[in-house]
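Participant: Read off the chains here:
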Amino acid sequence: MKSFRLATMLAAGLLLAPGHSFAQELSGPQVVRTLGRLQGGAPGIDIALLMEEAAASAGKGVAALPDWQKLSKLSQLIVEIDFENDSIAIEPKSYRTVGMIADALHHPNLRRYKFLVVGHTSSTGDAKHNLDLSQKRANAITEALSTTFAIAPDRLFAIGVGEEWLVDPSNPQAADNRRVQLVNLGLVK
Amino acid sequence: MSTRTRLLGGALVAFLALSGAARADTISFADAVSTLANDCGSDIKKFCKGLNLGSGRIQNCLESHAPKVSPTCTSTLASVTTSIEQRLAAQSSFTAMCKHYVAQFCSGVVGEGNILSCLNKATRVNEGQCGQAIIDAGWR
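So the protein lines, in turn, are chains A and B. Note that my numbering numbers the first sequence so that position 100 is 100, with each residue one more than the last. So the mapping is simple: my numbering equals the position in the second sequence, first residue as 1, plus 189.
Chain B on its own, in the form it takes in the complex (with noise of 0.2 angstroms):
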């Protein structure tokens, strides 16, 4: 390995520390709903009858209805709202993130399903930025 490959390492690594200090582990979006229908599904029944989840129909309507909803509706509702874009976010960045590893370790793959199994294969890729997107986009 370079010296140069490790001083990029190195920052990488420094970079994550930063930057991953005030970041908590994203899940899935899967559990992420079933967490707020488990602490918010009997506010929703009495508050928001009728209303959908999709665009921020259960959040505007859940947020509108502060005083009377659960504290613990209110804190889930924040965390998994939080914990969503966390993941989309870290889905987003996954291209820009592992970019290196792409050229290093799989150039000539063709297809980003082929590429994420590729890099989850070389296991160099646990580590830095690019591993920890993959690990919070939900995608090892």
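Excised from the complex, chain A in its bound form (with noise of 0.2 angstroms):
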């Protein structure tokens, strides 16, 4: 079922490696577990850095800058959530996607800690609007776990890299580089 393909990838590097298979679906306990494997405290992560090296590096890439390196060392989960084209609005098909999110927050294993909502876009159309519009989706897919599923708004951040982190650069236009990355960004303060 696509609309519902998950996947996790925990070690650092796997978001670069190229056509590397990560679909499959997983259990609720199994997002638990994956999201709440903290090994040591989460690096400090300045999302507003990564925003601003975002917005500087628009059609140059982020993957290898060291601020966003520190990512994909952290727990992590990958989903794919689609999108009405050109939109903020969550196909309904992926309602499920966003309440499984909602379900795993929501857990005592997860309650203790932030999240940063990370929105990627494959390469078609222009690199600055990508941009803008995976801001928009990651608040849209903030917004909807913080008022239809009550999750306090102080353990969720936004982040749109637009195209800038393919996790399939030899194929810039594959439907597969459309996707929502979960980050666990350690304990809420």
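For the record, the hints were derived by calculation from the structure and aren't laboratory data. Hints may contain errors.
[Claimed, not checked] Some residues of chain A that are not near chain B, with every Cβ distance over 10 angstroms (derived):
| id | residue |
| --- | --- |
| 1 | R37 |
| 2 | A58 |
| 3 | A64 |
| 4 | S122 |
| 5 | D154 |
| 6 | N171 |
| 7 | D176 |
| 8 | N184 |
[To be verified] Derived Cβ-Cβ restraints for the label pairs, each shown as a range:
| id | chain 1 | residue 1 | chain 2 | residue 2 | range |
| --- | --- | --- | --- | --- | --- |
| 9 | A | L49 | B | V299 | 32 to 40 angstroms |
| 10 | A | P169 | B | P260 | 45 to 53 angstroms |
| 11 | B | P260 | A | M51 | 44 to 52 angstroms |
Bear in mind the structure is a predicted one, so any value in this text is a computation, not a measurement. By construction, the Cβ of each residue, glycine as well, lies at the ideal position given by its N, Cα and C atoms.
Bring the two chains, given one by one in their own frames, into a single complex with the hints.
Facilitator: Structure below.
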């Protein structure tokens, strides 16, 4: 079921592995376990800095930048959430994935943690437009999580990276590049 | 087991029987919004194009188009909204409902996740408000 494709990537560098197939369906408990595997403290992530770097790098990529590299070392989950074309409206077929994230974030094992929602696009269209759209889509997901599912807003951060971090760089227009990355940023202060 | 504990247990069961009468089982958020997507997906595409799930926009839109929305969707929207509220309420009540069991079986256990797994291992916690809260919260 494509709209419910969930994938996990825990090891650094996997994000860049071209053609690596990580599509698999996960159960709720697996999602909780995957996102809860914190090895030591999460390194300090400066979201404003990540945003600045993504904006400055539109069309040039961010995967190699050290601040963005830090993210790949954290517990995370990659999901596919489909949107209406050129819109922030989540397709109904992807509601389930948003609900599943909400189930996981409400579990006692994860209720102490804050999360970064990273929106990615393929490289179809203009890089600057993709960056803006991915930020708005990431915002839309955090809004759905915090309003419809009552996740505390101070646990959620949204950032769009547009087409700057392709999961399949050899095939930049591939649909696989459209994805949402959910990263555990560590304990809520 | 002391008489006091048994009486307390009896009181909890009686309270649960009363409060449980009006309550249906909750379902996961994933299942709730899947049902919404299945039963209301075509109405959402038709009447709510460009609108999002957050901040009640889809709910408001479907309600404002109520005469044209399918009866199945209208009824699903109401039950899904209720189910999400009930599950959130059960999750919020966990600490209070399970306080006595935590003191009895899991004193010294630190962290909400660890407390939950300790309670889930203490089989007696299947009973009463605490067990019901865990079930309704979707944590067992």
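Participant: Does the beta carbon distance between P260 (chain B) and M51 (chain A) stay inside 44 to 52 angstroms, or does it fall outside?
Facilitator: Hint holds: Cβ distance 46 angstroms, inside 44 to 52 angstroms.
Participant: Classify the label on D176 (chain A) as holds or violated, using whether its beta-carbon is more than 10 angstroms from each beta-carbon of chain B.
Facilitator: Given a closest Cβ separation of 23 angstroms, the condition holds.
Participant: Quick check on a hinted range of 32 to 40 angstroms for L49 (chain A) and V299 (chain B), using CB atoms only.
Facilitator: Between L49 (chain A) and V299 (chain B), where Cβ atoms are some 34 angstroms apart, the hint holds.
Participant: The output says R37 (chain A) does not contact chain B. Does that hold with a beta carbon cutoff of 10 angstroms?
Facilitator: 13 angstroms, holds
Participant: Please check whether the beta-carbon of N171 (chain A) is more than 10 angstroms away from every beta-carbon in chain B.
Facilitator: Holds, since 29 angstroms exceeds 10 angstroms.
Participant: Taking the CB of P169 (chain A) and the CB of P260 (chain B), does the distance hold inside 45 to 53 angstroms?
Facilitator: Distance hint for P169 (chain A), P260 (chain B) holds at roughly 49 angstroms.
Participant: Please confirm whether D154 (chain A) is truly not at the interface, meaning its C-beta sits more than 10 angstroms away from all C-beta atoms of chain B.
Facilitator: The claim holds: D154 (chain A) sits with its nearest Cβ about 17 angstroms from chain B, beyond 10 angstroms.
Participant: Far enough from chain B: is every CB of that chain over 10 angstroms from the CB of S122 (chain A)?
Facilitator: 21 angstroms, holds
Participant: Measuring Cβ to Cβ, find out whether A64 (chain A) lies farther than 10 angstroms from everything in chain B.
Facilitator: 33 angstroms, holds
Participant: Closest CB-CB distance from N184 (chain A) to chain B, is it above 10 angstroms?
Facilitator: 13 angstroms, holds
Participant: With 10 angstroms as the threshold, tell me whether A58 (chain A) passes as away from chain B on beta-carbon distances.
Facilitator: 25 angstroms, holds
When the structure is compared with the earlier hints, no violation turns up for any of them.
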